[in-house]
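All chains should be modelled from the sequences, with the hints used to inform the complete structure.
As they're listed, the protein sequences go chains A and B. Position 93, counted from 1, in the first sequence is what my numbering calls 93; the numbers after and before it change by one each time, with no gaps. Position 96, counted from 1, in the second sequence is what my numbering calls 96; the numbers after and before it change by one each time, with no gaps.
These are calculated hints, taken from the structure and not from any lab test. Accuracy of the hints is not assured; some may be wrong.
[What the hints assert, rightly or not] Lysine to any residue pairs mimicking SDA-like chemistry, simulated, CA-CA at most 25 Å apart:
hint: 1; chain 1: B; residue 1: K56; chain 2: A; residue 2: Y34
hint: 2; chain 1: B; residue 1: K59; chain 2: A; residue 2: I91
hint: 3; chain 1: A; residue 1: K2; chain 2: A; residue 2: E63
hint: 4; chain 1: B; residue 1: K59; chain 2: A; residue 2: G101
hint: 5; chain 1: B; residue 1: K56; chain 2: B; residue 2: P6
hint: 6; chain 1: A; residue 1: K2; chain 2: B; residue 2: M1
hint: 7; chain 1: B; residue 1: K56; chain 2: A; residue 2: R93
hint: 8; chain 1: B; residue 1: K56; chain 2: A; residue 2: K2
hint: 9; chain 1: B; residue 1: K56; chain 2: A; residue 2: G102
hint: 10; chain 1: B; residue 1: K59; chain 2: A; residue 2: R93
hint: 11; chain 1: B; residue 1: K56; chain 2: A; residue 2: V86
hint: 12; chain 1: B; residue 1: K56; chain 2: A; residue 2: L95
hint: 13; chain 1: B; residue 1: K56; chain 2: A; residue 2: R49
hint: 14; chain 1: B; residue 1: K56; chain 2: A; residue 2: N96
hint: 15; chain 1: B; residue 1: K56; chain 2: A; residue 2: E8
hint: 16; chain 1: B; residue 1: K59; chain 2: A; residue 2: P94
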Amino acid sequence: MKLSLRRELGEIERIVAARRSLFAASDLPDALIYPVDLATEELFVNMLRHNQQGQGPITLELEVVAGGVRVSLADHDAEPFDPASVPPVDISRPLNERQIGGLGLHLVRQLVGSVHYHYHNRCNTLSFMAREEPTDV
Amino acid sequence: MFEVHPDSNGLRLAGRLDAAAAPLAEPHFEALSGAAEVDLANLEYISSAGLGVLLKAHKRLSAGGAGLRLVQVSPHIVEILHFSGFDMLFEVVPASDPA
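In structure tokens:
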């Protein structure tokens, strides 16, 4: 399943609708719904925030594979942005030291493990696998 | 779809609190004062943008000696709060427990 997303937060609704269609047409376990929704939203929002000059659409692909779902997001005219370069959030800090924001990639790593990053010809592609058992962290 | 309903103790949230809904939720949280309860019984989903709204309000209210209490929290949301470390910052009452 492939979607072309406009660069706006309102597209999250279309992402969720696509995920619903994919799950309805397959025997994917419900346990994967939250990880797919959250990781896809967080990466999409990150692409919008890190490439505010971007003009073209962002391509989302959802694919059922053995044991789960493979999701990829491609921004076709972007500067390099590797999520692995973002330092981890220290969730043990007390309330007065916690920052508003910065949790998105932390949650992605918690829920789906690592995010694969590929940059070629100004195209920034992020992908992940959501499986019932996390593959790696 | 996201809904926020003010009630006598605080707020009741329903639906999906994602990055598109967070700006709609924020004014309701900014209007809270003192010790407030947020009922999450019908909240299906929250992402980091929604967590940011909770944290911002909790920091503001805690600075005044009060804070947010999260009640009727479903298992999925409990897990997200745990992964975020929010279970160490907020009082969290799971849905199965008496609020």
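Numbered hints the structure breaks, given as an ascending list
Per hint list: single violation, 8.
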